[in-house]
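Just so you know, the protein sequences line up as chains A and B, in that order.
The first sequence lines up with residues 1 to 114 when you count with my numbering.
The second sequence lines up with residues 1001 to 1114 when you count with my numbering.
Note that these hints are calculated values from the structure, not bench results.
Just so it is clear, CB atoms sit at the ideal spot from N, CA and C, and this is done for glycine as well.
Check the hints yourself; a few may be wrong.
[Claimed, not checked] Derived DEER-like restraints, expressed as beta-carbon distance ranges: (1) B/L1082 - A/E79: 41 to 47 Å; (2) A/K18 - B/P1007: 39 to 45 Å; (3) B/N1055 - A/G40: 27 to 33 Å; (4) B/N1012 - A/M88: 21 to 27 Å; (5) B/K1077 - A/I60: 28 to 34 Å; (6) B/Y1039 - A/D38: 16 to 22 Å; (7) B/K1069 - A/T102: 17 to 23 Å; (8) A/K18 - B/V1083: 39 to 45 Å; (9) A/S67 - B/T1052: 35 to 41 Å; (10) B/Q1071 - A/E56: 31 to 37 Å; (11) A/V52 - B/E1008: 40 to 46 Å; (12) B/Y1039 - A/M27: 20 to 26 Å; (13) B/N1055 - A/S67: 39 to 45 Å; (14) B/S1028 - A/L41: 38 to 44 Å.
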Amino acid sequence: DVKVTQSSRYLVKRTGEKVFLECVQDMDHENMFWYRQDPGLGLRLIYFSYDVKMKEKGDIPEGYSVSREKKERFSLILESASTNQTSMYLCASSFGTGDTDTQYFGPGTRLTVL
Amino acid sequence: AQSVAQPEDQVNVAEGNPLTVKCTYSVSGNPYLFWYVQYPNRGLQFLLKYITGDNLVKGSYGFEAEFNKSQTSFHLKKPSALVSDSALYFCAVRDMANAGKSTFGDGTTLTVKP
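Only chain B is shown next, with the shape it has when bound in the complex (with noise of 0.2 Å):
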């Protein structure tokens, strides 16, 4: 069975700061892992991923993400906040073994303030 855990409901951070997002993931196999946001009164958009290949990854609004296969981590992150960040992002893994079906984390609100 796959699984991801968002260990932090809540993040808060100042605006300028850098933020970080932490996500874990247990699968039986190589994992596909995925990075969504979703703004307020809007439908969940794609970040980044991590397939193979480079550990780290970079995606839209300047966020980036590095896969640690030994913690098993995906944690997503961005060197300089923005008050426009503040969204609720969710992490998501999809094993091999079981093709078409992701697994998502519970989410976490990330809220930047000014």
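Isolated chain A, as found in the complex (with noise of 0.2 Å):
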């Protein structure tokens, strides 16, 4: 089975805290994303990557940056940590460039930004 981890399953940050949000596949997959999940609307794309050093931005990705210097592990980087922050993270993965790709999902990182 895809099995895909992150650090953290809570944290608490303050504001202008620099926050890292690490998540890692163990099963070669090429493609990985980073997603916020906030009630009502619904799973929103942060950030993504199809390769080891290549990034693509998603629909949100003002105040993140990521980072993807191995295969299997895809950071997502809150500069400067702000409340309208506050949000559940969620990695995903994918195995090829296929638009018919299943994505895997970690358990969620469910961050506070006090």
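Build the complex: two chains, separate frames, hints provided.
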């Protein structure tokens, strides 16, 4: 089975702090994604990556950056956390470049910014 | 641009009754359609997908969905609901012309009562 793990289930940070959210997948997937999930807004794509060291902006990239130095690891960075970034963050991965690929999700990180 | 709508925030059914969770979509080309489920305190899990071929797609846990091109719909169905089906359900669409990016609906909370 595909396993996608996220470094923390719950995280509390203060406004202005730099925050790192880590995601690791163990199935040699090419694609990795970061979403945020907010009630009534569904999942919104922040960034995604097709390969090591490459990244593409999603629908809401402002205030975020990403890093993919190794194929299995995709990090989401909040350079200066703000209260409106309090949310559930979900990482996902998929196998290849085919449009039919199923995404496999991690358990999520619930981030609270005070 | 691609979009997906889940018109019902909440669906309530009695155990043993059939259930339907609605999804409509908009894409410029051919759609790839997905259903995911999120159980409480867990990440999203893949249920089923439509890529091409038979309009009736069968997935995990006894769920199925019917692709209707004329109505641009992809409703999720199950003949007999279980209390354990209670969860948050997301429909997602991917346009062949927008490779790599899926758009998710806002989610529908299904509650099955004994």
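For this structure, which hints from the list above don't hold up? Of the numbered hints given earlier, the structure breaks just one, which is hint 14.
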